[in-house]
Amino acid sequence: MSDVFVGLPRGHDAPANAAEGRESNPELNLMTLAPAARPGEVVEPFRFTGEAGEYFRIWIVNTFLVIVTIGLWSPWAKIRKRRFFLRHTWVAGANFEYHAEPWPILHGRLIAGAAFVAYWFTGEVNPRYAPWIALIVAMLAPWLVVSSLRFNLSNTSYRNLRFRFAGGVSDGLRALWPLPIVALLTLAFPPVFDPTDITKFDWKMLLPTLLLSALYPYLHGAFRLLLLNHSRFGSAPIACTTRVRTFYSIYLRGLLVGIGLMLVAGLLSALIFGAIFSAWAGKLTAKAKWLPVLLGLVAALPSAFAALLWFAFTQTRVINATFNLTTVSSNVRVFCQIRTWPMAKLYFGNTLAVLLSFGLAIPWAAVRTAKQRVETTALAIGGDIDDIITGAVSPSSATADAATEFFSFDVAL
Amino acid sequence: MDASKHLQAQWFDGHSARRTSVELSVSDVAVEVRAIAHEITSAEEADAAAAPPVLARVPLAQVRVSERVGNTPYRLCFPDGALAVTGDHVAVESAFHLAPGAHWLARMERASWFVVLAIAGLGVALYFAWQSLIPKAAEAVAHRIPRDAEKSLGTITLQGLDRWLLKTSRLEAGEVGAVRSVFETLAASAGLSDTVVLQFRDAAPNALALPGGTIVVTDGLVRLFRSDERLLAAVIAHEMGHIQHRHSLRRLLEGSASALIVGALVGDVSGVSALTVNAPIILSSLHYTREAEREADQYAFALLRKSGRSPNDFADAMRRFEAMEFCLALRVTAHDEALKQSGPNVDHRDERAARERITDSCMDRPDKALEGRDGELAELRHTDRETGYMHTHPVTRERIAAAEAAASQ
Chain A
564 MSDVFVGLPR GHDAPANAAE GRESNPELNL MTLAPAARPG EVVEPFRFTG EAGEYFRIWI
624 VNTFLVIVTI GLWSPWAKIR KRRFFLRHTW VAGANFEYHA EPWPILHGRL IAGAAFVAYW
684 FTGEVNPRYA PWIALIVAML APWLVVSSLR FNLSNTSYRN LRFRFAGGVS DGLRALWPLP
744 IVALLTLAFP PVFDPTDITK FDWKMLLPTL LLSALYPYLH GAFRLLLLNH SRFGSAPIAC
804 TTRVRTFYSI YLRGLLVGIG LMLVAGLLSA LIFGAIFSAW AGKLTAKAKW LPVLLGLVAA
864 LPSAFAALLW FAFTQTRVIN ATFNLTTVSS NVRVFCQIRT WPMAKLYFGN TLAVLLSFGL
924 AIPWAAVRTA KQRVETTALA IGGDIDDIIT GAVSPSSATA DAATEFFSFD VAL
Chain B
14 MDASKHLQAQ WFDGHSARRT SVELSVSDVA VEVRAIAHEI TSAEEADAAA APPVLARVPL
74 AQVRVSERVG NTPYRLCFPD GALAVTGDHV AVESAFHLAP GAHWLARMER ASWFVVLAIA
134 GLGVALYFAW QSLIPKAAEA VAHRIPRDAE KSLGTITLQG LDRWLLKTSR LEAGEVGAVR
194 SVFETLAASA GLSDTVVLQF RDAAPNALAL PGGTIVVTDG LVRLFRSDER LLAAVIAHEM
254 GHIQHRHSLR RLLEGSASAL IVGALVGDVS GVSALTVNAP IILSSLHYTR EAEREADQYA
314 FALLRKSGRS PNDFADAMRR FEAMEFCLAL RVTAHDEALK QSGPNVDHRD ERAARERITD
374 SCMDRPDKAL EGRDGELAEL RHTDRETGYM HTHPVTRERI AAAEAAASQ
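Protein sequences appear in the order of chains A and B.
Its first residue numbered 564, the first sequence is counted upward by one per residue in the working numbering.
Its first residue numbered 14, the second sequence is counted upward by one per residue in the working numbering.
No lab work stands behind these hints: they were computed from the structure.
A quick note: this is a predicted structure, and the numbers were derived from the prediction, not measured.
Think of the CB as a built atom: it goes at the ideal place given N, C-alpha and C, for glycine as much as any other residue.
Keep in mind that the hints are not guaranteed to be accurate.
Distance windows between CB atoms, simulated [unchecked claim]:
(1) Phe679(A) with His406(B): 30 to 38 Å
(2) Asp175(B) with Leu831(A): 32 to 40 Å
(3) Asp765(A) with Arg160(B): 54 to 62 Å
Chain B is faced by these chain A residues, among others (derived, beta-carbon under 10 Å) [unchecked claim]:
(4) His651
(5) Ala657
(6) Arg691
(7) Arg722
(8) Leu864
Make the full structure from the sequences, and use the hints.
Structural data, given as structure tokens:
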């Protein structure tokens, strides 16, 4: 579920529905979220009512169909899976809906697939051309990203009103301008490294990587703000006042935490690895066939956990920093208290379960990840919910919709 | 109207975000939507309750019921764009005369037998794709790509290898000439004279087939085989098999196909460690390289026979290789123990010199080191066999057996 919907409110509360009545996660809830509400505001937490067993059936049947149709079923599978997640996401008594039609998705995926094959093939067979293709992709990126956002938002609704992405290609360009520059630098200073002759080392070849690292927080921040600042719910604008410099402070702290984690995990992995292999692996491998792989996995676990902890650290900070400064139609505030440690534990559990079940735990992992992420979010609504959101009316321009349909397609693979 | 069925829902008119609790009265011909009385909180509640406003009244056929996804609520779409959402699945299905899961997909997802079938089917399909579909498709695609397209990849690979691993060959003219004449005879009888090019480099015993048709023979190989043209022909024929079957290109294609499939399966869930994605990809690509080696071996057997030689030559070449590998394995461990005894202040330059001496001795007389060490040899072979799934090449014993079987035909 790594997609643009991280930027959308989702959740649940459906008093009059039969689907209602399930327990919400006690760890994350109103109690922690309520103090953030101002006087006169009503807190409406998001809820996720989907269950692992229910999703397993959908997942396995659609995955099976995707594999036996050599991928052609994937748009239908995507729609069905996304409908499961959005329809199970409730807030303030209503759920979300995904409206996309399969054919535009298939169309987009075929184009993206062909482009990817061309890129991959040229890159592998003649690596000299790879940076040129990367440059072309980088120059097309603003258009691709904006089209994809448009498609996904205009195909999502809440309370029978569609979301909309009102940004244009120029907004995409403003967020993604570093990409073509990095691609150009790579062309100018190709990374050719000769380890046998260190004197010939040319520092200029590090320029593209350095520039990309220096601008990565900007790219991530600008991309997220592109989504949050140019979206509409019906006619109500969504806005986020987070600054790009917040992303720099998050990533700088992330860098320090990452270095610390790498040292600790590297040491632990090396200790486990060394102990296992020097002491008894040689004798055991002769007896148990799969032991080397299992032992290798055990030794890799500290590093895997450290990587997930680091991922959770930056991810949760970015989510909190942006959602907590996001408003819909000036009267609805989003707030979010997603925490690093529970997310890291969840991701680690997912990794282990997926590995040990040979992939069959994927639906379970997806559902509990969605639940954790949805249920750490809430809306603070100043006044009666219906009256407030009534300000969000559906735009009645049919031509705008048609143009959106024609020029947008889903490129997310 | 008494025959009509009633169900409760949330009503959204499609023009504003307002939510209204409603009751739907569904008869065989029409649907009527009324706000539920207690929603109206004005002073005239009693009066209003007597006649709650009708929000919509439309023919039954014009109401579109969404497909059911798991236990998510039904969506009833009205012709004017209004929407009723209800989690009362039973009431909707009876009012609109739907079998539970009327949609074929929903029916499959609900049927436990189909779910079990899908699990098994997915397993079988993935196995089939891995074992047969991916290799066959990669083969078909690879043979349609012109050889010239591969050549630049070969050139770049060789440039990289020259920088990292290979040195200029120090073979004498006589040795070079002998290998070249073997090479040219084989190329002619394989019909690959226009494709393959022979190159010499100084490195440990090995031979490489690069994309585009370059075959590299190392000084170490010529030395290990003591210029025995029987053994050299066997290894060169094997490398020609890689060229003929376009193995380097196929390995690229197979690797990408397995990465794509694993990505499609695992891509559903974020925050799963890279471990989950990479482990199956690595194990499956190792399987593909072993298959390629077997195919090149079979090609070598046929080519050797065609040019008046015997697959037994290949078996002998593999025996020499195995002897060298085991000799190295035994001597290096013995050497390590000697190092441990000599205390912590080991001169590392000495260690390198010692390692070179070991390599030299194993290259020149590999069989000698293995004399009278049958127990250790058997153990090494057993370990090799048991951990075969982690190797890029099939177990040497298996290759020798295949060569002998081919020779006895």
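Which earlier hints can't be squared with this structure? Hint 3 alone not satisfied by this model.
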